[in-house]
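From just these sequences and the hints, can you work out the full model?
From first to last, the protein sequence lines are chains V and H. Just so you know, this note's numbering puts the end of the first sequence at 257, numbered straight through with nothing missing. Just so you know, this note's numbering puts the end of the second sequence at 351, numbered straight through with nothing missing.
By construction, these hints were calculated from the structure, which means they are not laboratory data. As the structure is a computational prediction, the values presented were derived from the model and not from experiment. Please note: incorrect hints may appear among the correct ones.
Said to hold, decoys possible - Over the 12 Å line for every Cβ pair with chain H, so calculated as not near, a few chain V residues:
#1 L101
#2 T158
#3 A175
#4 G195
#5 A225
What the hints assert, rightly or not - Residues from chain V that keep clear of chain H, each with C-beta distances beyond 12 Å, as calculated:
#6 A6
#7 F73
#8 V155
Said to hold, decoys possible - For lysine-lysine, the following PhoX-like pairs were computed, each having C-alpha atoms within a straight-line distance of at most 25 Å:
#9 V:K176 <-> H:K132
#10 H:K247 <-> H:K258
#11 H:K73 <-> H:K7
#12 H:K132 <-> H:K7
#13 H:K343 <-> H:K258
#14 V:K176 <-> H:K127
#15 H:K150 <-> H:K181
#16 H:K100 <-> V:K176
#17 H:K127 <-> H:K103
Glycine included, each C-beta is placed from N, C-alpha and C at the ideal position.
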Amino acid sequence: MSESGHSWLRRISIGAGIILTAFILIVLLLIVTYSSPEQFISSLFSDEIQFAIYLSLATSLTSTFFCILFGVPAAYALARYNFRGKAFLNTILNLPLALPPLIAGVGLLLLFAQTPIGHALAEIGIEFIFTPLGIIVAQFFVNLPFMLRIMKSTFESIDPRYEHVARTLGCSEFEAFRRVTLPMAKNGFMAATVITWSRGIGEFGAALMVAGATRMQTESLPVAVFLNMSTGNLALATSAATILIIIAIVSLYLFERVGGKSGSGMF
Amino acid sequence: MLRIKDISKTLGDFHLNNVSLDIEDGEYMVILGPTGAGKTILLEAIAGIYLPDSGTIELNERDITFLDPKKRKVSMVYQDFVLFPHLSVYDNIAFGLKSEKTGPEEIDRRVHEMTEMLGITHLLKRDTLKLSGGEKQRTAIARALIMKPKILLLDEPLSALDGRTRDNLRKELRTLHQKYKTTVIHVTHNFEEVFSLADRVAIMNDGEIIQVGEPDEVFSKPNSPFTASFVGAENIFRGTITSGKGSSIITVGNLKFSSSAKDIEGEVYASVRPEEIMLSKMPIDSSARNSFAGIITSITNNGSMIVIEVDVGIPFITILTKRGLYDIGIAEGDTVYLTFKAAAVHVFY
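Structure, rendered in structure tokens:
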């Protein structure tokens, strides 16, 4: 340690960290400070941004709900049971993580536009193409692996003997899960929910393919940024972007707080 | 009566191989065996956590092999407690009664009755993570016993505790068993627990039950080389003890030896670890109070050590290194002296 002042490795590596931090801060500050506070407030209360906030919240909360509904049981199965094809399931369920969202969007578009399933759903009034439902299904598809991976590692960290004991104390399998495993998984669950939700709010590529980018119809916050950038309305675009940055910072803070304790080994 | 018939189960590296065992109502059965013998899976099969690959389990002539664990009235206590970390001591103990939809007043009454018995009433509001090992295990035992189980399964319940806590809890287990008359199956690798608790003992190794019987019988008449080497290497003797001031005399057959145990009278078990015994060709003049002449009946090389059996009226096992055997220069049939301290005599009852 006495030689640390002469250590070139120390200087170079810390220097790299500082340069990267500065790079990220500059990029974000350029967006946040583009508009004056007055401009930002007036953009914030414009009909267009109000609609985008509402649409983003509604779609991301709904898609997060469905990620929980399907992701938690699937994660439990992968953590607890051995069954044929488990490795295959695990790989495929994680695939959307590596896939470009745009490609996921193309696939979803084909599913809903060109297959009997899509047609049948459209028949009964469930339309995904160019509707907010399309945004929800795109977010669901792209973000499910986040819920799945965090919950899987959370369940894996809980000794199954807790459930065994609960079952000798009058619980059915499901009651043992609800009264013991689920409460023990609370921190991991909150971390997974926050990260899934914040990823949902920022989802752009897949949603763009399925739901398109129609002003005041499928205009979520990322779409608002995209549309206003293309028309040169930088004030509105940076306002929407600023909201997304604030959401990202708050989510990261919440995730670190609950996720740090849960021992979820994903990130 | 619990009747386990030809149970087989493979689970990862562990397995049970045609295990059969009958346990009477109210009996305290200790299953003794080395780590990896399959003792825990046997308990988990009885609890219904793992279903056997073959064989049957009957409780009071009813087949419970595939019965849902919650309907068996079989409770389990693990070595490492497995207390629910998100619940207080009170809620851990009340957990099973809540599953049975017992009313809150009844739960409260029974939780207090149970915790007073185990001396943990003052801990009820505590977080389980902040308890000592003994307090955790008392909580786990209370959580199991409050269900009034037909069978209480104890998986190495004392192994994770320090010496003194272990002694206390062992006595309490005996008291609880006498009071509740619950059928207990207690798994351990510790001999002392057999002598202080067991009505009968089953010796288990490599997924099989090797021998079942009363502790005396099993320890004095091992039916297989495994039982003999597992229980015999420890120089365990049954005898009577009479205590004097600060020490006591134990009589085993015609042999009397001193022990530093105090304030105990009656029938006891005494053991002397082989490595605590000095072997010499001539009497040793030392402060050790036990010294006996005997004849070497066998010298066996078990690989790392030389095991020497000496008959001094009762058979003693002692060990030497190969170098030690060479230096001392003895052979079967020679007369030698065994010397050990009174403090090396371990008394249990």
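Here's how the hints hold up against the structure:
1. L101: holds (41 Å)
2. T158: violated (5 Å)
3. A175: Per Cβ check, A175 of chain V is inside 12 Å of chain H; nearest 10 Å; violated.
4. G195: Correct as stated: the minimum Cβ-Cβ distance to chain H is 40 Å, above 12 Å.
5. A225: holds (49 Å)
6. A6: holds (41 Å)
7. F73: Given that every Cβ of chain H is farther than 12 Å from that of F73 of chain V, nearest at about 16 Å, it holds.
8. V155: violated (5 Å)
9. V:K176 <-> H:K132: holds (20 Å)
10. H:K247 <-> H:K258: Distance of about 17 Å is within 25 Å: holds.
11. H:K73 <-> H:K7: holds (20 Å)
12. H:K132 <-> H:K7: Judged against 25 Å, a Cα distance of about 42 Å means the pair is violated.
13. H:K343 <-> H:K258: holds (13 Å)
14. V:K176 <-> H:K127: Given pair K176 of chain V, K127 of chain H holds - Cα atoms ~21 Å apart, limit 25 Å.
15. H:K150 <-> H:K181: The given pair, whose Cα atoms are some 12 Å apart, holds under the 25 Å limit.
16. H:K100 <-> V:K176: Distance of about 21 Å is within 25 Å: holds.
17. H:K127 <-> H:K103: The hint holds at about 21 Å.
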